[in-house]
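Engineer: Sequence:
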Amino acid sequence: DVIKDEIRKMRDLTDKPFGVNIAQAFVRDPSIADFVVDQGIKFVTTSAGSPTKYTEPLKAAGLTVFHVVPTLRGALKAVEAGVDGLIVEGGEGGGFKNPRPVASMVLLPLVRSKVDVPIVAAGGMVDGATMAAAFALGAEGVQMGTRMVSSAESPVHANWKQAIVDAAETDTVFLNQHTSPALRALRTARTDALEFDHESNAMALFGKAMDLYFGGDMEAAIALGGQVAGRIDEIRPVADIIRTTAEECLDTLSKLADRYLADQPLSTT
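In terms of our numbering, the sequence shown opens at residue 2 and continues consecutively.
It should be emphasised that the hints constitute simulated quantities derived from the structure, not laboratory data.
Glycine included, each C-beta is placed from N, C-alpha and C at the ideal position.
Mixed in with the good hints there might be a few duds.
Okay, derived cross-link-like pairs now, DSS-like style, lysine-lysine, Cα gap no bigger than 27 Å in a straight line [as the list claims (entries may be wrong)]: (1) Lys60 x Lys78; (2) Lys5 x Lys54; (3) Lys162 x Lys10; (4) Lys115 x Lys162.
Across the chosen pairs, the derived CB separations fall in these ranges [stated by the list, open to error]: (5) Phe197 x Pro119: 15 to 25 Å; (6) Arg237 x His199: 34 to 44 Å; (7) Ala263 x Gly217: 47 to 57 Å; (8) Glu170 x Phe197: 39 to 49 Å; (9) Phe197 x Asn99: 17 to 27 Å.
Using the sequences and the hints given, assemble the complete structure.
Structural biologist: Pasting the structure below:
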């Protein structure tokens, strides 16, 4: 009901298109897909489960469906299921992961070489430079997680945002490497204790997420976050993040062209 209420609020706030993520492993109400259709949502990303579950019925209802994939195998399976596009997520990203993580630098061009559908790059995306890099590796767009969690409008507690701002690039840990789902989280006393504990399942010891997310107790649960936390040094409004990311991306691409192509002779073919 909370998710449905949030979708209704978003619908009331704007007449512009917006998307919804359905994280299949955490769906408690199977009617969520029908609700999304009834609300007139036109774009859905699915994750944490098989792409075959929701793709066909959502597409039949006229929605565009992208599926989150952490490997080439997952990408091929999603394309076979009929998705319209992929969210290709590198292992440096925060949140729930494949136990065998692959960095975006490797994963993006690999998937691009094997599929023809549009790709949105996730994992390590934080600004215009990383957006330009993702485009060079074959993506058509980027998805930011940790950067947006630490935005001014993000509803999570200020302590979590500040922990992201204060983190170095080495201040994340990769947990559950021998089970699934694995997860990347910010370094805290709780995650430090779990980092080399290969006997325990971190999900079983996740803690009280709401006390962390909205109560601000950083030891109440595992605080998810990506390695780009080390590149985030302030809490900024979402509009500013999006604007500067787009501007920096174009500036980066322009400077690369000036640096490497300015003195090259024009092709006559």
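Engineer: Now, for every hint given, state plainly whether the structure supports it.
Structural biologist: Status of the hints after comparison with the structure:
Between Lys60 and Lys78 the CA atoms are separated by roughly 16 Å; this keeps the pair inside 27 Å, and the hint holds. Taking the CA atoms of Lys5 and Lys54, the gap is near 20 Å; set against the 27 Å cutoff, the hint holds. Proposed proximity of Lys162 and Lys10 is supported: the alpha carbons are some 23 Å apart, at most 27 Å. Only pairs whose Cα atoms come within 27 Å are accepted, and Lys115 paired with Lys162 is rejected, the gap being roughly 37 Å.
Separated by about 39 Å at the C-beta atoms, Phe197 and Pro119 break the suggested range of 15 to 25 Å. In this structure the hint that Arg237 and His199 lie 34 to 44 Å apart at CB holds, the actual value being about 38 Å. For the pair Ala263 and Gly217, the supplied restraint of 47 to 57 Å holds, since their beta-carbon distance comes to about 51 Å. A beta carbon spacing of about 20 Å between Glu170 and Phe197 contradicts the range 39 to 49 Å that was offered as a hint.
Between Phe197 and Asn99 the C-beta distance comes to about 20 Å, which sits within the given range of 17 to 27 Å.
In summary, the numbered hints that this structure violates are 4, 5, 8.
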